[in-house]
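Undergrad: Let chain H serve as the given structure and place chain V on it in line with the hints.
So the sequences go chain by chain: H and V. Counting the first sequence from 1 gives a position; the numbering used here is that position plus 62. Counting the second sequence from 1 gives a position; the numbering used here is that position plus 62.
Be aware that a few hints might be false.
A pair counts as met if it fits within one copy or between any two copies, since identical chains are not told apart.
Said to hold, decoys possible - Capping the alpha-carbon separation at 25 Å, the derived lysine to any residue pairs in SDA-like fashion look like this: (1) Lys539 to Glu137; (2) Lys289 to Val365; (3) Lys262 to Gly391; (4) Lys506 to Arg530; (5) Lys297 to Phe324; (6) Lys229 to Gly391; (7) Lys224 to Asp236; (8) Lys233 to Asn152; (9) Lys229 to Asp117; (10) Lys506 to Lys580; (11) Lys499 to Pro131; (12) Lys297 to Pro285; (13) Lys289 to Ser278; (14) Lys127 to Asp218; (15) Lys350 to Val281; (16) Lys233 to His143; (17) Lys136 to Glu450; (18) Lys539 to Pro285; (19) Lys499 to Gly518; (20) Lys506 to Glu141; (21) Lys140 to His341.
Since the hints were derived computationally from the structure, they do not count as laboratory data. The structure displayed is predicted, hence computed values, not measured ones.
These are the residues of each chain, in order.
There are 2 protein chains.
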Amino acid sequence: MASRLLRNSYTGSLRAASTAASTTVRPAAVSAVHQFSARRQFSASTSKMASSFYDNWEPEGPTVKTEIPGPKAKEAIKELHEVFDTRSLNMLTDYQKSVGNYIADPDGNVLLDVYAQIASIPIGYNNPVLHDAALSSAMVNGIINRPALGNFPPTDWASTLKTGILKVAPKGLDQVFTAMAGSDANETAYKAAFMWRRQKERGGAHVDFTVEEMESAMVNQVPAGSKPLSILSFKTGFHGRLFGSLSTTRSKPIHKLDIPAFDWPQATFPALKYPLEQHAEENAAAEKAALDEVEHLITSYHVPPAAVVVEPIQSEGGDNHASPAFFRGLRAITRKHDVLLIVDEVQTGVGATGKFWAHDHWDLQDPPDMVTFSKKAQTAGYYFGNPELRPNKPYRQFNTWMGDPARALLFKAIIGEIERLGLVEHTAKVGDYLYGKLEALGEKYPGQFANLRGKGQGTFIAFDNPRRDEFLARAKKFGVNIGGSGQSAVRLRPMLIFQEKHADILVDALEKVVKSFK
Amino acid sequence: MASRLLRNSYTGSLRAASTAASTTVRPAAVSAVHQFSARRQFSASTSKMASSFYDNWEPEGPTVKTEIPGPKAKEAIKELHEVFDTRSLNMLTDYQKSVGNYIADPDGNVLLDVYAQIASIPIGYNNPVLHDAALSSAMVNGIINRPALGNFPPTDWASTLKTGILKVAPKGLDQVFTAMAGSDANETAYKAAFMWRRQKERGGAHVDFTVEEMESAMVNQVPAGSKPLSILSFKTGFHGRLFGSLSTTRSKPIHKLDIPAFDWPQATFPALKYPLEQHAEENAAAEKAALDEVEHLITSYHVPPAAVVVEPIQSEGGDNHASPAFFRGLRAITRKHDVLLIVDEVQTGVGATGKFWAHDHWDLQDPPDMVTFSKKAQTAGYYFGNPELRPNKPYRQFNTWMGDPARALLFKAIIGEIERLGLVEHTAKVGDYLYGKLEALGEKYPGQFANLRGKGQGTFIAFDNPRRDEFLARAKKFGVNIGGSGQSAVRLRPMLIFQEKHADILVDALEKVVKSFK
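Just chain H, same shape as in the assembly:
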């Protein structure tokens, strides 16, 4: 009842936003695209979405009324900057007016958003299903009675996990350690790896720590005669920005300058050439060389790795892909040398690649040891299966909050909606559609959509543009909010409710950007 009441006023504000948009002159081409899109046959998944509210809740297209930032945003940014660093600000956002795939600002600009809060909004702004979930008594309880989950878990915590986070656990992994964000999800996974490795060296879970081990730990050292351990990561990889995760992050100097880091090894990530079919042999050679380097580092680095961490697609580093065969090889090498494999699915997870987990594309017979998640899950942690990855004593892997039941409930609601609407399969199809259109655009404008990548990977698509930063800035003028990554990549990170009609609007805007460069 209560939530229905609030929903009414919410629908009212949606309507207001939509009216505001429709009274604004939109680029003619966008309207044309929309009419074209409306004539298309609905695919199965599209019709599932059409049968719900998803086809009626959004504005029909973007509205650009002012420069971005406009006068109202400029004033607010100035005020904000006094107390909060705004130099990385991209767009001041009016979240009350943002709807579905559209992000709004205080000056009345409404952009198609294919950046989605750095790839982390899963099923649209102001999604009514999440709105209801937010008003549920369970959610309210999670907000106002935040538990120390390791000490005082809620009576229904098992059920929350089993019907939520664990319902979508990667194959072979049936347990979870919950965390707050991607960086601490990775760091707690690293901690589990170190404890697991030392336990093996010690001879098992039953072997107690020596006095020397305890004393050396208290002075931040390893016991005399023992070697320090490391986590091996890949060049241009990104795993977070706290001290342990940043030691495995190798994306850009600006992330790492002046911050102390561990002496941990890095391997080369294969630099694939595009189009893939024209460079099959070179690419296979690059992947083999990378795997050889990994094996060499595992067996010879002076700080031996307890684990290798890898992203299925290096996202912050520029959307660098490798083949399923590469990852199967990585699994085989790590298994061979008894080194753990941690797959960082913080950005790739939860459906955007057309599979729920990007590593589902690899067809692994032997699952990763740990898989970390965050972003579109709206909560974080690492999955694991091997019971030996539970440290041998309580309080070794522990902190006050250890996650957030409120955010876990939100993920549960997100999963429900993904399943109800088949959004993973939907995203696979829409991704194919979008990829085809971008391929055509690339042929029309040589060099402007270079190294198009992400075929068969849902909407997790990227390309390089020689004037990337200007490209992103101009895209806003044509009604689209897009992010970059690496040195020159334009990365598309639409939500899971992104449809072919949105792809049409996006492609239309991208073409305008390129035309404006001439």
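TA: Just chain V, lined up with the frame of chain H:
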């Protein structure tokens, strides 16, 4: 309207919980204590609370129906353990039935909670004011549209900060970097310290990074000829459990074993003797020796400190106090050597010591450089004032979420309630009352309430007991949930709505525990 509807059903459930409690036979002494308490004159702050709902919403006292865990809890723990490590579980909790200062479990046990989710529940379970805040449209918006705050802050983010987090900013600090929990609040503060220090070495914000600096950062090294830097922390201190924060944590081996740590220095925290007035000279000497050691480490450690981090009261480490003079001395030494002072108020902040920030007790003329917060704030981050602590370029201090507006709104509501009811002053008074009663108890049972500490520090009180772990376990039988810390400390961490009547119940239960030892 909507929230009022939900409030009705909420009040109903409160009533149900309270009825359940009153139909249970409670220890006679508890009832007697309650009557005694009811006869007392209300102090000004107590009457403020009495005039609100705070006097009527809770059960009259604890109810212990079964062993803890009871049969229902045991079953649920077994199920939970299959997917989530429960070895550090203290008490499975029914958060729907927990009210105010009372924590409930699925077997109908209702305990007075002076542990409060490891010192992090500020104004009671199921506080109706927070309940309303959770149902506000701003909160719902924050939950379902989680922003990447560094890139896409909400239009009203400045206002949320100024009327919330920054409204209670420590004196001299007017800016904030928001975070997710205590550990990343500390680690981002450390990062700010390292960047600040290197910037000074470089000659200022305008000096660009050299190629060598960028290249060495990418291989986790400092440039040739440059020394690595450190954070100096204190023995038995606790600052979190991620890799950087754990490198400064020196509480117990179980927190640190097998986890790689940086070669950073630790100084001795003065071990004060109690009662303080009988050991004034020795204690002053211990503090002087500690300060000398800090200065020696700052000037001579082979990995020079960019900052010193310290807790106003070492909490996890066993409630170790030092005098205001010690902290003023620490500020003077760090200032003298141009080393930053980071005050970790994760556990001490937000009122429990009878001041909003524990370092308000120090009467500093020169404020700390950064103050970190979490726990009772229900959100986290670090305050700072010096504009040079903003790194010289954007994206140096950055991550996807950079905090959580929903939790920031909750803190704002908490602050509102703290101010409305004068809960900081209230806690100072109730703390004095509780301390007096414990002092009397200590005289009656020599050795059982050893090293009683926290006089004049609100309810942030602790004592040592020779059978501490058993003491905590037995306290549950007598209706009280209490936490320990360090080797032998019983630490009291009541909420800010803890009143004299609760102190009476607590003291009564503590006496029963001690009697049961005979």
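Undergrad: Under a CA distance limit of 25 Å, which applies to Lys233 and Asn152: within one copy, between copies, both, or neither?
TA: neither (37 Å within a copy, 31 Å between copies)
Undergrad: Measure nothing new, just compare the shortest in-copy and cross-copy C-alpha distances for Lys289 and Val365 to 25 Å and report within, between, both or neither.
TA: both (7 Å within a copy, 21 Å between copies)
Undergrad: Quick one: Lys506 to Arg530, C-alpha cut-off 25 Å, is that within a copy, between copies, both, or neither?
TA: within (18 Å within a copy, 76 Å between copies)
Undergrad: For Lys224 and Asp236, with the copy left unspecified, which applies at a CA distance of at most 25 Å: within, between, both, or neither?
TA: within (9 Å within a copy, 43 Å between copies)
Undergrad: From the Cα coordinates, with 25 Å as the cut-off, is the pair Lys297 and Phe324 best called within, between, both, or neither?
TA: both (15 Å within a copy, 22 Å between copies)
Undergrad: Taking 25 Å as the upper bound on the Cα-Cα distance, should Lys539 and Pro285 be classified as within, between, both, or neither?
TA: The answer is neither: 60 Å in one copy and 42 Å across copies each exceed 25 Å.
Undergrad: For Lys499 and Pro131, with the copy left unspecified, which applies at a CA distance of at most 25 Å: within, between, both, or neither?
TA: neither (30 Å within a copy, 60 Å between copies)
Undergrad: With identical chains, the pair Lys289 and Ser278 could be close in the same copy or across copies; at 25 Å between alpha carbons, which is it: within, between, both, or neither?
TA: both (12 Å within a copy, 23 Å between copies)
Undergrad: Quick one: Lys506 to Glu141, C-alpha cut-off 25 Å, is that within a copy, between copies, both, or neither?
TA: Answer is neither: 45 Å inside a copy and 59 Å across each miss the 25 Å cutoff.
Undergrad: Reference check for the pair Lys506 and Lys580, CA-CA at most 25 Å: within, between, both, or neither?
TA: Intra 13 Å, inter 89 Å, cutoff 25 Å: intra-copy only.
Undergrad: If the cutoff is 25 Å on CA atoms, where do Lys233 and His143 land: within, between, both or neither? Let me know, please.
TA: between (46 Å within a copy, 20 Å between copies)
Undergrad: For Lys127 vs Asp218, is the C-alpha pair at or below 25 Å within one copy, between two copies, both, or neither?
TA: between (48 Å within a copy, 21 Å between copies)
Of the numbered hints stated above, those contradicted by the structure are hints 6, 8, 9, 11, 18, 20 and 21, listed in ascending order.
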